[in-house]
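Here the structure of chain Y is known, so what remains is to put chain B in place on it, guided by the hints.
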Amino acid sequence: MNALPRAAELGLIGCHVCGLVCRDAHAAAGAAQVVACPRCGVALHRRKPASYSRTWALLIAAFIMYIPANVVPIMRTASLNDVDDNTIISGVVELWKNGSPDLAIIVFAASIVVPMLKFLALGTLLVSSRRGSNWARQQRAGLYRLVELVGYWSMLDVFVVSLLTALVRFSVLSRVEPLPGVIYFGLTVVLTMLASMSFDPRLIWDGRDTDD
Amino acid sequence: MTDENRTDRDLPERESLPRPVVKRRRVSVSLIWLIPVLAAVIALSLVVNSWLQAGPEVTISFQSAEGLDAGKTPVKYKNVVIGRVSKIRLSADRSHVLVRVALEKSAEGFATRDTRFWVVRPRIGLGGVSGIDTLLSGAFIGADVGDSKEPRDTFEGLEIPPAVNHGAPGRSFILHSDDLGSLDIGSPVYYRRIQVGRVASYQLDKDGKGVSLHIFVDGPNDRFVTTDSRFWNASGVDVSIGANGLKLNTQSLATVLGGGVAFQDPPGPHDSTPAAEDAEYKLFSERALAMAPPDGEPRYMRMRFEQSVRGLAVDAPVEFLGINIGKVVSVRLDYDEKKGRFPVVVGAVVYPQRLGSAYDKLEALAKARGERADLAQLMGPLIAHGLRAQARTGNLLTGQLYVALDFVPHTPKVAFDANATPLTIPTAPGSFDKLQEQLAGIVAKLDKIPFESIGKHLDQTLASLDSTLKQVNAQTLPAFRDTLEGVKRTMGTADDALSGDSPLQQNLNSTLQQVQRMARSLRVLTDYLGGHPEALIRGRADDKPASTPAVAPEPTVQPGQGSQP
Chain Y
1 MNALPRAAEL
11 GLIGCHVCGL
21 VCRDAHAAAG
31 AAQVVACPRC
41 GVALHRRKPA
51 SYSRTWALLI
61 AAFIMYIPAN
71 VVPIMRTASL
81 NDVDDNTIIS
91 GVVELWKNGS
101 PDLAIIVFAA
111 SIVVPMLKFL
121 ALGTLLVSSR
131 RGSNWARQQR
141 AGLYRLVELV
151 GYWSMLDVFV
161 VSLLTALVRF
171 SVLSRVEPLP
181 GVIYFGLTVV
191 LTMLASMSFD
201 PRLIWDGRDT
211 DD
Chain B
1 MTDENRTDRD
11 LPERESLPRP
21 VVKRRRVSVS
31 LIWLIPVLAA
41 VIALSLVVNS
51 WLQAGPEVTI
61 SFQSAEGLDA
71 GKTPVKYKNV
81 VIGRVSKIRL
91 SADRSHVLVR
101 VALEKSAEGF
111 ATRDTRFWVV
121 RPRIGLGGVS
131 GIDTLLSGAF
141 IGADVGDSKE
151 PRDTFEGLEI
161 PPAVNHGAPG
171 RSFILHSDDL
181 GSLDIGSPVY
191 YRRIQVGRVA
201 SYQLDKDGKG
211 VSLHIFVDGP
221 NDRFVTTDSR
231 FWNASGVDVS
241 IGANGLKLNT
251 QSLATVLGGG
261 VAFQDPPGPH
271 DSTPAAEDAE
281 YKLFSERALA
291 MAPPDGEPRY
301 MRMRFEQSVR
311 GLAVDAPVEF
321 LGINIGKVVS
331 VRLDYDEKKG
341 RFPVVVGAVV
351 YPQRLGSAYD
361 KLEALAKARG
371 ERADLAQLMG
381 PLIAHGLRAQ
391 ARTGNLLTGQ
401 LYVALDFVPH
411 TPKVAFDANA
421 TPLTIPTAPG
431 SFDKLQEQLA
441 GIVAKLDKIP
451 FESIGKHLDQ
461 TLASLDSTLK
471 QVNAQTLPAF
481 RDTLEGVKRT
491 MGTADDALSG
501 DSPLQQNLNS
511 TLQQVQRMAR
521 SLRVLTDYLG
531 GHPEALIRGR
541 ADDKPASTPA
551 VAPEPTVQPG
561 QGSQP
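Protein sequences appear in the order of chains Y and B. At position 169 of the first sequence the residue is numbered 169 (UniProt numbering), and the sequence of numbers has no breaks. At position 237 of the second sequence the residue is numbered 237 (UniProt numbering), and the sequence of numbers has no breaks.
Just chain Y, with the same shape it has in the complex (with noise of 0.2 Å):
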């Protein structure tokens, strides 16, 4: 690495709100105290605070949503005669038997896929930023942004359900149900996203060289 300085380094805190860039007050203050933005009043981190351990939770807790997201019906189909639940997996499966590869491999990309990949890059981001790895820092800054964007997008199989809830409606003809697993889906989601928001992506560049 160059020896750039860091913020840190220099005892300067940058408000991550209104961008006001102030001295570095953490080492008098105790730890039983905050610091915050003198124009703000929003608190002062050099880094997002347990960026790790936030990181780690809300992922650990969205793999365990995951979990029923994929063992639960997330949606009933009630036609004349028929009454049918499906998981993700099986309504995937019944798109692909059914002549809809197309919207077979979009739903399976979105709630699978999409789900899934964040879970590895998270977790690989996590640790080896906790291991102070230099190892492809700029890439792992591409994944982490690759992961932030691709995040709302494991949202369409909740919107799909909602839609479909909403619109198929003709009480004997056909019916369509939410069931519990699509909270745990949606719940899957809103954690993993909440997990790659607490994550700091500087904490990438915090190497094993530096001081945190």
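Calculated from the structure, these hints are not laboratory results. These numbers were taken from a predicted model, which means no experiment stands behind them. Take these hints with a grain of salt, some might be off.
Cβ-Cβ distance ranges computed for the label pairs, FRET-style [to be verified]:
1) Y:Leu179 x B:Ser91: 27 to 37 Å
2) B:Gly146 x Y:Glu177: 31 to 41 Å
3) Y:Ile106 x B:Gly167: 48 to 58 Å
4) Y:Gln139 x B:Leu38: 28 to 38 Å
5) Y:Glu177 x B:Glu286: 55 to 65 Å
6) B:Asp69 x Y:Val71: 16 to 26 Å
7) B:Leu38 x Y:Arg169: 51 to 61 Å
8) Y:Ile106 x B:Asp218: 51 to 61 Å
9) Y:Arg169 x B:Asp218: 37 to 47 Å
10) B:Gly167 x Y:Glu177: 49 to 59 Å
11) Y:Gln139 x B:Val41: 29 to 39 Å
12) B:Ser106 x Y:Val93: 24 to 34 Å
In silico negatives: residues of chain B with every beta carbon more than 10 Å from chain Y [as the list claims (entries may be wrong)]:
13) Ser91
14) Arg100
15) Ser137
16) Asp147
17) Thr154
18) Ala163
19) Ile174
20) Ser285
21) Leu289
22) Asp295
23) Asn324
24) Leu333
25) Gln436
26) Ile449
27) Gly530
Below, computed lysine-lysine pairings styled on DSSO-like, alpha-carbon distance capped at 30 Å [as the list claims (entries may be wrong)]:
28) B:Lys76 x B:Lys149
29) Y:Lys97 x B:Lys413
30) Y:Lys97 x B:Lys72
31) B:Lys338 x B:Lys413
For glycine and all other residues, C-beta sits at the position ideal for the given N, C-alpha and C.
Structure of chain B alone, referenced to chain Y:
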């Protein structure tokens, strides 16, 4: 070192920067880990919940998995879902399908020994349509739970839904019948033509000699089944052509098509206490039989008929003085080596109880005599008095015969062994047989008449008559015609003589005029004589007083003889 230098160098700039506000930290413990804990709790609760919800798993075997769908087909009790089919597979020998059903926790009580499962499919029977809703919703498995607490997890699925659910108000009864007739599970049970129950099940008796039917009569109508109730098969159209003629019996149309059982108390005094659960009854084949007084012990007897018994069928009635006391059960041919004839041996079952008080009296008499009160013993004196079995024609149209036990006058005495088994009743030729014999005699006599010679004589007579007629034609008829012509001529002459202008007529006319004139002059004379009676003697007073009266009558007579006036 360099870092420190830099820090030192930058310090003045830093001093000019604003100083952040230092506040007290409100919460020091990191609460973020509550989120995964919460998530874990939720996930765990799901697991626990599903584990708690999961009831017992049972396996039901069916003949076919038609309409069943793993993961979808529900199991319902009283239309409440109590489980779901989780898996369907073939049995090891591929003879049936094994359906694995995950019951709900609340349905634990269904995994007991006497629970019954069946597939509810749309069924269209004569009794009605059932399970029509499954046309749309798909088949489901119906369940009915019993009282047993004994746990069990493999069941034999019923192919036909049970007619009666456990715990339904009402009572079941057992009927014994010779055959099932057109009855089936679910066939209605009628009381006064109102359906009050149905056939729940049936099975062959262990010895295979009959059928036992379980019927279920719904409450509160089950109280009408009394200890004396009679059950009969109201199935279909009962057409019987017997010695009694054509008979047609029907119940309601549905029963005609689908069969059914009816019951009623017998007429007259009877025990009307409601029957106990699972009481056993005999199922009669028809109402008349059911309503008849009880028959008592049947007795077998045998008759040997020497003549043809064409028209005598099994089940033909046996009547004693016109009262039906039994029926024919067998008609068999035998061979008599001594006589070289073929007698027909007719076996019959009679119910002495049907004789009613007559039998009771005979029985009492026999007892008084100190004999065994057996039918055979009772028969002895009756046969000595001329009791004989006859095959009589019951119906001239169909030629059906029945066996009549009757006192036949002037029958030759026969030996009767009261101790022989089976009881053999001597026979006498029936009335029709007698008639036949008499007819045969008449025919034989007719046969003796020499129709041939009579015919020949008749022929000859006719031939001579023919020649006579020819003679008449050739000779007599022309002569007759001549005679007729002569007559005709005579008649013409007579006609001429009588016509208006004939001389005869004119002569007659003038003669009559002269007679008229003479009559007038006679009147004049009588008038004159009336006035002058003396003129008879003296004659006319003026000139010829004496002669005139004497002469006068002569001229009056003369003109009458044709003289002109």
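Next on the checklist: For each hint given before, does the structure comply? Return the numbers of the non-compliant ones in rising order.
Outcome noted: Failing hints, ascending: 7, 10, 15 and 29.
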